Each structure stands twice: as structure tokens, then as C-alpha cells.
Amino acid sequence: MDELLSTVDWSRAQFALTAIVHWLFVPLSIGLSLIVGIMETIYLKTGNERWKRMTKFWMLLFGINFACGVATGIILEFEFGTNWSNYSWFVGDIFGAPLAIEGILAFFLESTFIAVMFFGWNRVSRGFHLTATWLTAAGVCLSAYWILVANAWMQYPVGMEFDPAQMRNIMKSFTEVALSPVAVNKFFHTVLSGWVLGAVFVVGVSSWFLLKKSNVAFAKDSMKIASWVGLAGIVLTIWTGDGSAVQVAKVQPMKLAAMEGLYDGSRGQSLVAFGLLNPDKQRTDSKPAILGEISIPKGLSILANHDADSFVPGINDLINGIAIDEKGDTVNTVSYAERIARGRKAQQALREYDLAMQTGDKTGMAAAAEAIKADFKYFGYGYLESPDEAVPPVALTFYAFRIMVMGGGYLLAFFVMMLLLSYRKPGTLENRWVAFLGLLTIPVVWIVSEAGWVTAEMGRQPWTIEGLLPTRAAVSDISAGSVQLTFWMFVVVFVGLLVAEVGIMTREIAKASKKDILTGE
Amino acid sequence: MKNGENSFFNRALSMYVDGFRSMTVGRKLWALILIKLAIMFLVFRLFFFPDILHENYDTDAQRAQAVRSALASGNEI
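Chains as they are written, first to last, in the working numbering: chain A, 81 to 601; chain B, 29 to 105.
The shape of chain A in the complex, shown without the other chains (with noise of 0.2 Å):
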């Protein structure tokens, strides 16, 4: 058992370390093709060839970024099939579609038209190269939605019937799982995340060379375009937020409630401002969850369901299968307890197909089938020992959010200065302490982008696939000691990797500073 775990733990770890590297280089290349593409236009629709120059330096960055980041997402690939197999082979074709859309689709894109955004200046039309810059930045969107696609499924799987003859979940409906409503705010809530990035890398950068006072007039223009940009991006971040919120709420109201810390629910429910988790709190005891708390009235309420008399349920509520109707009146929900008895009807259904399987006894399997079917939904909640198991860690979920709300907030407020700045007070833009908070927003954003990812994912746990599939079922048969291995090779790689972008993106700003890049001189 303590190899299984350590297993499991492994694994996890290297899954995660995987993709929050793979998450550095992706919102920059999101965020940064579009600022592109908007200076490349403006650039087109002038003729003024200081908008060719700006567009030429941020789009070098874009390439650095994009040269360092390519195929880091690759890896999470290999994970599968070594460290997660039962789960790889239990999504079926429900992850081998959107993942060879984005293949075949999505990276030809990007990679046949970033060859002309590159190489493409004086040899073909700007029209022409204006349009392949703005397909290279639809390709990286593109990538980015055949991929959230994938994760929206394992947060609300949909649009598949279980075989199990094959083990696989057989995908039934193409459109309910490529236009799943939560894959669907997921990709506007993540990629218009990468515009906030973007334009943050942009302000940032354009503030270093504020504080060395050089290009002046190329950095105030570009902070202005970025500022555009982020501020738009922030904003709809924070909608499609509040839409990621309802949808949480009604198809993984425990992550909601683990977000909220919230053991014990209530109409009416208030949103925690500010507060720490009491270290002490268990889940059944009537300590309070939040120290310190300053909190919105009604606020989850209207947060989760739109509503601000509504009912959220706390962990306590879903697990005891309690919730509260619209006339305040107690009804019952599917308990915890229910749903372990429920999927362990079904994990002895799949035995029984195993055995009539294995005995060629036919009607044994279609009945065996159909008892299966009955209780898939619940098919995972079988594995666990216990309802406490199926509670995420509140405190990384709680904090998690916390951050990456705050810092959106805090956001919101750098854009709108930027803003006015830009416009009614350019000349503050070079004072020090400004264009400090320019360029140390660079790692906030990054911390913010990444608690955003966080808290999804540490929301779903012990989750592989909602309800279906736990971590320990879905791991493979492998040793600790491998996973270990290939962890800490990793580290090494992609610390090479970060420092090599960080190295040749300084390099090339540092170059940059010494001229002139608005005239080339």
C-alpha cells in the first residue's frame, strides 16, 4: 500500500511539475501573438514603418518564448502512457480525438505560418504576412482548445458510454464533449488569462527600458497597446471567472466548497474575503473553518448560483447528502456513503462481467453490463475507503484561489493605472517607482496565471476523471523508484530549459536597449 501511494504521489508530482513549466511558455505565447498581431496591423493600416520595428522586437520575444516552450507539453503525453495507463486506456478516445485535432491541426497551423512570420518580411505581401501572423496567434488559441477540451473532460465527463469489454469510455457524442460548456468557458477563461500575461510581459519589459531611458517613445507606445490589451483581458477574465464559478458550483460542488473552505453551507452564503484556515479545524467538529474572517454577505450565493438567497452546500452537506430547496426546506441529495456502495455495486458488476467473461457466458455479461451502467456514475466513489477521501486538500484549493483572485484583482487595478498614466500623465510612466511596479508585476502574473491552474486541479482531487476515476485506480503497475527518477530528470531539463529562455530573452532585451529600435539605429 505504501508503494502504491508513493506511486501515486510521484506521479502526481511529476504531472504537476510537468505542466506548471509547460504553463510558462503557453499564456506568454498566447498573450504575446495577439499584441503582435494587433502592432502588425497597425503597422499595415499606417504604412509607418515604427510599427514594423515594434512589431519586429516583441515578435522575437514571441519566437524565444515559443522556440523554449515547444514540445514541453509532449511529455505530459509520455506520463500518460507510462505513469497513468489505466487511466489512458480508460479515457479511450475521449482524449486521443482533441489531442490529435491539435496535433495535425493546430500545430501545422502554427508551425507553416510562423515560418512566414519570421522569414516572410520583404518576400511576401504585409497583407499576406499580417494574415500569417494572425493564424500563427489563432494556432496557438487552437492548440490551447483541443487541450481544454481534454481537461474539461475530466472535470465533467460527458458525451461517452462506458464498454466494458474494451475498458474504455467510447466517445457517443463528439459535439457534447468538444462543446462542453465547461470546455467551453474554460477556453475563454484561459486564454484571455494569456492576454493578461502577454500584456503584462509587455508593460514589464517596456518599464525596464523606462528605467534604463531608452527607447522611451517605443515603451510608452507599447505599454499603451499592452495596457489595452490587459485591461480588456483582465476584465473578461474576471466574467468568464464568474462563469467558471456556476459551473464549478453545479457539476463539482465540492471543489467550490473546498475553494470556500466551507464545511457547513447555507442559503444566503457569504464569500470569504479575507481569513485564514484554522489549522486546527477538523471536518466534523464545530470549530470555525476561517480565522479572521471578512467576508460578502450572500456573496457564494450569488457567486455559485447567481442567486443571493441560494443554497451552496458545504464539504458536511455533500457528504451527508443534505441540501436546501428554494422554500428553505432540508432535502436529500445523493449522500457520500451512498455513492461508495453505489460504485462498489458497480466495481463488483464489472467483476462478475470479468468472470462471465472469462467463461464465454454471454447473458451473465449483458446483465453484469447493464448493473454497471446503472451505478457508473459513481463507478470511482467505489475505490475510496471512506467520504473524508473524496474531500480536496482545502487549504492549497482555499489559498490557491485566494491568490489568483486577489492577484486578478490587483491586476485589474495595474491596468487601469497604466491607462491613465498612458494617457493623461505619460511622463509618470518613468518614474522609478512606476515602472518598478512594471516590471515586478512580470512575476505576479505568472504566480497568478499558475494558482488559477492550482486550485482547478487540486480542486478535482482525488479526482482523475470526476466521479469516475480515482488517482490511486488510474496509476500504473511501476515502481516509486522510476517515477522518482525521471522526476528529478526533469528538474534538471527543464531548469536548463528556463534558464536558457531567461538568458536569451535578457540577452536580446539587453541588446535591444543599445539602440534605437523604433529607426534601427
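None of these hints come from the bench; they were simulated from the model.
Bear in mind the structure is a predicted one, so any value in this text is a computation, not a measurement.
Some hints could be false.
Claimed, not checked - List time: in silico DSS-like cross-link candidates among lysine-lysine, alpha-carbon distance up to 30 Å: (1) A:Lys594 - B:Lys56; (2) A:Lys367 - A:Lys594; (3) B:Lys56 - A:Lys292; (4) A:Lys136 - B:Lys56; (5) A:Lys595 - B:Lys56; (6) A:Lys367 - A:Lys330; (7) A:Lys293 - B:Lys56; (8) A:Lys591 - B:Lys56; (9) A:Lys300 - A:Lys591.
What the hints assert, rightly or not - Ranges of calculated distance between the beta carbons of each label pair, as one might list FRET restraints: (10) B:Leu74 - A:Ala353: 50 to 56 Å; (11) A:Asp389 - B:Gln90: 55 to 61 Å; (12) A:Lys595 - B:Phe76: 41 to 47 Å; (13) A:Leu565 - B:Ala40: 17 to 23 Å; (14) A:Tyr490 - B:Ala40: 43 to 49 Å.
For glycine and all other residues, C-beta sits at the position ideal for the given N, C-alpha and C.
Start from chain A and add chain B according to the hints.
Relative to the frame of chain A, chain B by itself:
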């Protein structure tokens, strides 16, 4: 200029050839990409990341049976 030289294919090829030749930072980036891909596919994938089910079993039926055995060994009622 001969017609062939002006064909789309030749112009595209010329764009790539000239583009790669005139790269400065790009050379470093391509070296990074190729080293990265070599490490990923020739080291990681080849030696450390076998597809467990495809390595250990020959047919889909065998793989399904392996996963069924693994997943069906959950908690007994």
C-alpha cells in the same frame, strides 16, 4: 527568369533557405529545439517512458483485460 524559378514551390523553398541562412538568434533557438527534442524522444521516450500497456501486451483485448483486472480489484462489497 524561367517560369519554374517563379513557381510557388520555388519561392516558398527560397524563403525557407534564405530565412534559415540569415538567422542570428534563430540559430541558437533551433539548436535549443533540436537538443530538447533529442532529449525528449531519444532519451526520455526511448529509455524512461515506455507505453506500459503496449510494451507488456500484444493485443487490445489483452490490454483491456489488464486494465479490467486492475480496476476491478477495488473494494469488495
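Pair hint outcome, A:Lys293 versus B:Lys56 [Cα-Cα no greater than 30 Å]: With Cα atoms ~29 Å apart, A:Lys293 and B:Lys56 stay inside 30 Å; holds.
Pairwise beta carbon distance, B:Leu74 to A:Ala353, judged against the given window 50 to 56 Å: Holds, at about 52 Å.
Holds or violated: B:Lys56 to A:Lys292, with C-alpha atoms at most 30 Å apart: Roughly 26 Å separates the two Cα atoms, so the pair holds.
Status of the given 55 to 61 Å range, CB of B:Gln90 versus CB of A:Asp389: Since the Cβ atoms of A:Asp389 and B:Gln90 sit about 56 Å apart, the hinted range of 55 to 61 Å holds.
Status of the given 43 to 49 Å range, CB of B:Ala40 versus CB of A:Tyr490: holds, 47 Å
Consistency of beta-carbon spacing, B:Ala40 to A:Leu565, with hint 17 to 23 Å: About 44 Å separates the Cβ atoms of A:Leu565 and B:Ala40, which means 17 to 23 Å is violated.
Satisfaction of hint between B:Lys56 and A:Lys591, Cα-Cα up to 30 Å: holds, 16 Å
Pairwise hint evaluation, A:Lys594 against A:Lys367, where the allowed Cα distance is 30 Å at most: Answer violated: A:Lys367 to A:Lys594 is near 61 Å, above 30 Å.
Beta-carbon spacing of A:Lys595 to B:Phe76 - inside the hinted bounds 41 to 47 Å or not: At roughly 45 Å between Cβ atoms, B:Phe76 and A:Lys595 fall inside 41 to 47 Å, so the hint holds.
30 Å Cα cutoff - pair A:Lys594, B:Lys56: Between A:Lys594 and B:Lys56 the Cα gap is close to 21 Å, so the pair holds against 30 Å.
Pair hint outcome, A:Lys595 versus B:Lys56 [Cα-Cα no greater than 30 Å]: holds, 22 Å
Pair hint outcome, A:Lys367 versus A:Lys330 [Cα-Cα no greater than 30 Å]: Holds, at about 27 Å.
In this structure, the earlier hints numbered 2, 13 are contradicted, and the remaining ones agree with it.
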